[in-house]
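K.L.:
This is what each chain is made of:
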Amino acid sequence: MRAGGTKINPHGAAWCFVAPALLAIGVFFFLPVLAALAMSLTDFDIYALADLGNLRFVGLRNYVELLQTPLFWQALGNTFYFVIVGVPLSIAASLGAALLLNARVTGLKALFRTAYFAPVVTSLVAVAVIWRYVLHTRYGMLNYALSWFGIGPIDWLGDPDWAMPAIILFAVWKNFGYNMIILLAGLQSIPRDLYEAADLDGAGTWAAFRWVTWPMLGPTLLMVSILSMSGYFQLFAEPYVMTQGGPVQSTVSVLYFMYEQGFKWWNLGVASAVAFVLFAIMFAITLLQLRVAKGIDA
Amino acid sequence: MRQGRRTTLRSVLAAGIAASLPACTRHAGNGDTVLKFWAMGREGEVVTALVPEFERLHPGVKVAVQQLPWTAAHQKLLTAFAGDAMPDLFQLGNTWVAEMAALRAIEPLDARVAASPVLDPKDYFRGIWNTNVIDGRLYGVPWYVDTRVMFYNRELLARAGYPAMPATWDGWMQAMRAVKKLVGPDKYAILLPHEEFAPLLVLALQQPEELLRDGGRHGNFRSASFRRALAMYSAMYREGLAPMERVSNIYHEFSTEYVSFYISGPWNIGEFRRRVAPARQHTWATALMPGPQGPAASLAGGSSLAVASSSPHKEAAWQLVEFLLRVDTAAKFNALTGNLPPRRANWNDPRLAGDPPVQAFRLQLENVRPEPRVPEWESILAELRTMGERVAHGGIGVDAAAAELDARTDRILEKRRWMLDRKARP
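These protein sequence lines map, in sequence, to chains A and B. Mapping of the first sequence onto our numbering: residues -5 to 292, in sequence order. Mapping of the second sequence onto our numbering: residues 1072 to 1497, in sequence order.
Some hints could be false.
Label-pair ranges, simulated between beta-carbon atoms [what the hints assert, rightly or not]:
1) A:LEU31 / B:GLN1245: 54 to 62 Å
2) B:GLU1124 / A:ALA44: 32 to 40 Å
3) A:ALA44 / B:GLU1437: 57 to 65 Å
4) A:LEU31 / B:MET1490: 52 to 60 Å
5) B:ARG1488 / A:LEU284: 43 to 51 Å
6) A:PRO26 / B:ALA1182: 39 to 47 Å
7) A:GLY53 / B:ASP1257: 55 to 63 Å
8) B:MET1490 / A:PRO26: 44 to 52 Å
Here are some chain B residues the structure puts well away from chain A; computed CB gaps all over 10 Å [claimed, not checked]:
9) ARG1175
10) ALA1229
11) GLU1266
Bear in mind the hints are in silico, worked out from the structure with no lab data behind them. Glycine residues also receive a C-beta, built at the ideal position from the N, C-alpha and C atoms.
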């Protein structure tokens, strides 16, 4: 700073630097959120789109009716089913793959790494088309393979009991490569000498995993689980492409429900209310996760 | 495909250029008017073959056809309306006319039709023309008609002891049971795809009572009429006459006798000819829909052509509508798509008169019943389809399903009731 120059207020300078970012966040984040909140208190629909004179302020009616809509509860149940089964499965699959790739005995590591990661980067719509063939009741490969074990054909995408497991299977296959790469990096950062020490103490493969790998991988696993959980809560594209929410609405997720209300029927008031309910749920669950994480740290 | 993309790109560019030059109206760089025309499915493919003739007759007008898949068309049109990005003219499923009219997204066409030397309303099937009339005003002109009839395997039916398709529900059920007995436990009689609302809707329209009551203010699914239709539909699943699984290729499954009855529309005449195995071609035929007590109504489906009220080129758009509805253009269009014409002048064509599978449609078209003309009908149909699916899976009884369908319909119609009451008040 030049001697004798104007004294710059450090707080003012700070505000000047963050102002552009704050402005952008305000315009593109807070404003739309406020608009959506306002919209969720109205019955904004296709009639209102044609003529604003058809808009009514309905207060909390959208929320009250939402909580009385069986399909919304079903969508919520379907989403939780997907998260509770899908996230552990996905993490187990990616951890298994990462351990295999990290093992010294595995050859052709680069090839396998690429092969496992390939589903993550391919277009969901393209692979969904192929999976629909794999899951076909009478001509699909999966049922063909099951028939070797004497298991009769399963109507994967047509039976309400099997549609969600089929979607989970597909989603886990599609996504496990992403977490695998993160876990692989975590595994490779574990110092070799810990394993050597364990070896000297007479630890077998399982004991080494239990007492070295697992605790050292803890923070990575926590991050992976938070990422997966928030990703899996936003289940949409898989049922949209594979089942359109069917059969008997067994694969309608909260986001899919919101999409249908908002963009298929243009009930934007109801759709905004769904968005806020989903936000509240995810907020609560993230708080819970942070609580758990703190507990682990302590 | 490639050509189509380039044309679309050009119209986008044209719009961009026009927007940057405030003095210009929306013209292409070379001074041509570009008409944006959205058409669905097979019609969208075929209409591109008719466009060059129109462009030759109307120098200075270019037509950019965009094809929409049927499954996404309704939503695309609403989105285009919400985003103020409507095309100049478009194909419109005739059950959507009420919705588009309520939005004031489409032009009333009465004056244009009255002045047209090409169009003669009296020549059209009345039931089909009327699907385009909302509150006494005409909002679209029928492009083609479709209704649903029965496609069936006549050879198998004959083997089961039925030389012809029965005309009543009872006879039909017995025939299906006989077919099922013949084909065994791994095969079925009728295909009722879960993603289609049409089969259940046809059964419901064959009944005397209306689907909505009080001028479209409330659902009427609790009526004895609708419950009879739903019970019939449910029986086909309960008795194992219809498969629960999804079928990806009906023509293949028809050829292997996996299913032998299928309620469908005229576009499937061409598809059955093209895709049923050559050795099985002689087996399929069409028949009037069986009814509760004999031949009964089917749905009055089809597509209309409509002009967007936001279009800056309404005159040119109307000229294209007129061109596509000329008797000779329509004949070419029908020959290419297999669609059926809405005006009688085209029905005198020997190509149609001498085609056996078409005759069932001709007879059925004299007996069609329009669906309720309320803007919410499309979402009510979605509820109807879901409820049919739940009944098929045995997850809910017929009476409970009818009551719940009424409750959902009444909720959907709440805004309509409010709007109608407000209009009624002085």
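K.L.:
In terms of Cβ atoms, is chain A entirely out of 10 Å range of ALA1229 (chain B)?
P.N.:
Label holds. Min Cβ-Cβ 27 Å, cutoff 10 Å.
K.L.:
At 10 Å, judged by beta carbons, does ARG1175 (chain B) keep clear of chain A as stated?
P.N.:
violated (6 Å)
K.L.:
Assuming the hint says 39 to 47 Å, is it satisfied by the Cβ distance from PRO26 (chain A) to ALA1182 (chain B) or not?
P.N.:
Given about 43 Å between the Cβ atoms, the range holds.
K.L.:
Minimum Cβ separation between GLU1266 (chain B) and chain A greater than 10 Å?
P.N.:
Its Cβ does come within 10 Å of chain A, the nearest being 7 Å, so this is violated.
K.L.:
For LEU31 (chain A) and GLN1245 (chain B), compare the CB-CB distance with the range 54 to 62 Å and indicate the outcome.
P.N.:
holds (60 Å)
K.L.:
Hint says 32 to 40 Å; check whether the CB-CB distance for GLU1124 (chain B) and ALA44 (chain A) agrees.
P.N.:
holds (36 Å)
K.L.:
Can you let me know if the beta-carbon spacing of MET1490 (chain B) and PRO26 (chain A) is within 44 to 52 Å?
P.N.:
Taking Cβ atoms as reference, MET1490 (chain B) and PRO26 (chain A) lie about 28 Å apart, which means the hint is violated.
K.L.:
Between ARG1488 (chain B) and LEU284 (chain A), does the beta-carbon spacing fit 43 to 51 Å?
P.N.:
holds (47 Å)
K.L.:
Determine whether the Cβ-Cβ distance between GLY53 (chain A) and ASP1257 (chain B) falls within the hinted range of 55 to 63 Å.
P.N.:
The hinted range 55 to 63 Å holds for GLY53 (chain A) and ASP1257 (chain B), with Cβ atoms some 57 Å apart.
K.L.:
Would you say the C-beta atoms of ALA44 (chain A) and GLU1437 (chain B) sit inside 57 to 65 Å of each other?
P.N.:
violated (36 Å)
K.L.:
Are LEU31 (chain A) and MET1490 (chain B) spaced within 52 to 60 Å by their CB atoms?
P.N.:
With a Cβ separation near 25 Å, LEU31 (chain A) and MET1490 (chain B) fall outside 52 to 60 Å, so the hint is violated.
Against the hints set out earlier in the document, violations occur for numbers 3, 4, 8, 9 and 11.
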